[in-house]
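Enquirer: The residues making up each chain are set out below.
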Amino acid sequence: MSVDSVEWTEKYRPRTLDEVVGNRDAIRKMKLWAKGWIDGVPLKKGAEAKDEIMKKKALILAGPPGVGKTTSALALASELGWSVIELNASDKRSGDIVREIVLTGALTESFREDGSFTLFRDGERKLIILDEADNLSGREDRGGVQAIVEAIRKGSQPMILIVNDLYALQKRSSAFKGKHSPAAVVKFRKPDARDIERVLTRIVRDEGLEIDREIVSEIAYRSRGDVRGAINDLQSFAYSGLSVDNIADAGARDRETDIREGLRRAAFSGSIRDARKALMDAGEDPGNLLAWIDEVLPRLSSSRIELFRGYRHLSMADIHLSRVYRRGQYSLWAYATEEMAASLMFIRDKDRFPSSFFPQWILKMGRSRGVRNIRKSLAVKMAKYMHTTSERALHDALPYFQILFNRDERFMYEMIYRLRLEENEVEYLIGDSAKAKYAVKEAMKGRKSREIKKESQATLFSFG
Amino acid sequence: MLHAKVKLNILKEIVDTASILVPEAKFNIEDNGLMTKAVDPSRIAMVSIEVRKEAFEEFEAKESMLGIDLEKLKETLKLGSSEDVLILDWDKDANTLVLKVGNLTRKMPLIDAGGMPDPKMPELDLPAKVTLPVEEIKKGVAAAKSISDNISLKISEDGFDLSSKAEGADQANLHLPKDALIDIEIRESARSTYPLEQFSKMINAIKSPNVTIRLGTDYPLDIIFEMANGMGNGRYLLAPRVENY
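Protein chains in written order, with this note's numbering: chain A, 1 to 464; chain B, 1 to 245.
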């Protein structure tokens, strides 16, 4: 297969808003907001608009990675012919630069590299896109966020802030809370697997590839709403010809390198502050990062005391994280990262840093994901039938259910029918796919269970 | 290929002219001189510089592109005094620039120029033009600084005006009547407002005594000046403030 170096995520990046996957409501809001700007509503004091969002100078696009936030912002600009200044808040060396660029940029016209320039009065706008606005600075310079608020308030050009974690941004500046916020929030959600499948199918067609529909739909399903991830996975699959079971690993390759590099830099950085920065730059979810450090720490430690000291911090990070996830105490997030950074500070022998490794924990969880999902869906069905929680059904009832299921054929057919069990669920229970297929087919006809019922009744009567 | 000898103050002038807008720049070297063009990160200002080989004590070059970290070069230039003659050599294989000042040698890695943009300067049809001493503009800038973040420029039949206004009653105006100007040409009068900080940086970076300003209403500002004692020329463009309406 020919290998071109163009990333499909770039090649097939939507140029118009209507091409963006899913998120119709978010797109509608963005269009409305842009219309406000075309009419100059946000700059007129006390102007009337049919929707509040049209009066806002800025938008905050919030949502998980890879669902199309930046893509939508760029598509909006290209659709309207607006100039774009795209800044990544986290990779600027200081808040001052963000401040200067955003603040002056928001007030003026601007030049394009092709020798043209914008003219506001002719309806031309300059869209300032600030990516990773929730990662802007740390405690070090709160000034950065203030500069952004100021730029929005004073500015005369549209601005879009892009965040994964809306709360992190609102925590830094309360200006973004409530209805007086100068920025309207537009939430992006994970598109569902069918939408992603449609996108992938189109790419397969345009690239002239022959990939089974089932594989495409498997990639879409496994991406869990991450469109960018799904497209990357499809590309790795097309180029490498890996089996579908390897796709998840293959697609994750780039991300892995980023994380490994981030960890390496963190371990070498010599100060907690720099280490934290390196970890944050790795752009990985803190929960996963924890698994990565857990994997590498024992290999890096040259003595038990080093290991002990490292884990003392890592375990604190774990505690903070579980509170973040279970109780929603997002303010602890910062401490978790800090503790993770600290856990890497005791390594003396940097040469031990392994060139290639991957957290076993994530690998195992990934491999067992299929089985865990089946158990979960079984539990949900049982729980409904038993009038209990799925948690209960999973832990208390499922083991006995499985024994009964295997020993009593009538019970099996009855349950398949009543719980509407799927083939894969039955297969999990009895461990035989051919038999499962047959059983489901028969049970759904409903005949088998009735026949057995009659038979057993007959036997009963013959006793008498 | 590049081998050149140049007075430190000439090189400093070139670096300073560009470095107020960008931390690094791509220099196009040709056999008769060098030139560079850049747009600042917020895209509100552009600079273009052309210096002829006569500005150098010695200049031997074949067509090439050098990506230079201006901040580093600036630091190096602090090591000598303005009348020192610097020797510049480009080591193509190592992609480094070798500078010698007296007994000091400084090797500087170059930035990959291929990835650096090549912005085009827009064609501007501007209806008003004045030429005047830079010192006069500096006075107007100094007066505006304590008042506002912006400065307004106006060219009319009355002459040239630099003014700034705060939200209260604070305001400053520098009026230069026609006879205080070296030259004035008007098709129609023009007025625009610009960010003061950038305008001030530009004016202060100009070493030549006189400067030509071209202006259009709500259009980019065009500042034209001589460089390297008349052996080169520079040009700044500055985008106007969006006027609230």
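These are calculated hints, taken from the structure and not from any lab test.
A hint or two may mislead.
Stated by the list, open to error - Short, incomplete list of chain A residues facing chain B, as computed with Cβ under 8 angstroms:
no. : residue
1   : Thr108
2   : Phe111
3   : Phe120
4   : Gln157
5   : Ser322
6   : Val324
What the hints assert, rightly or not - DSS-like cross-link-like pairs, simulated, lysine-lysine; straight-line CA separation at most 30 angstroms:
no. : chain 1 : residue 1 : chain 2 : residue 2
7   : B       : Lys74     : A       : Lys154
8   : A       : Lys55     : B       : Lys120
9   : A       : Lys187    : A       : Lys29
10  : A       : Lys31     : A       : Lys44
11  : B       : Lys165    : A       : Lys154
12  : B       : Lys145    : A       : Lys44
13  : B       : Lys154    : A       : Lys154
Glycine included, C-beta positions come from ideal geometry on N, C-alpha and C.
Enquirer: All hints are to be evaluated individually against the structure, with a verdict given for each.
Expert: Taking the hints in turn, this is what the structure says about them:
no.	hint	verdict
1	Thr108	holds (5 angstroms)
2	Phe111	holds (5 angstroms)
3	Phe120	holds (4 angstroms)
4	Gln157	holds (7 angstroms)
5	Ser322	violated (41 angstroms)
6	Val324	violated (35 angstroms)
7	B:Lys74 to A:Lys154	violated (34 angstroms)
8	A:Lys55 to B:Lys120	violated (35 angstroms)
9	A:Lys187 to A:Lys29	holds (10 angstroms)
10	A:Lys31 to A:Lys44	holds (19 angstroms)
11	B:Lys165 to A:Lys154	holds (16 angstroms)
12	B:Lys145 to A:Lys44	holds (28 angstroms)
13	B:Lys154 to A:Lys154	holds (24 angstroms)
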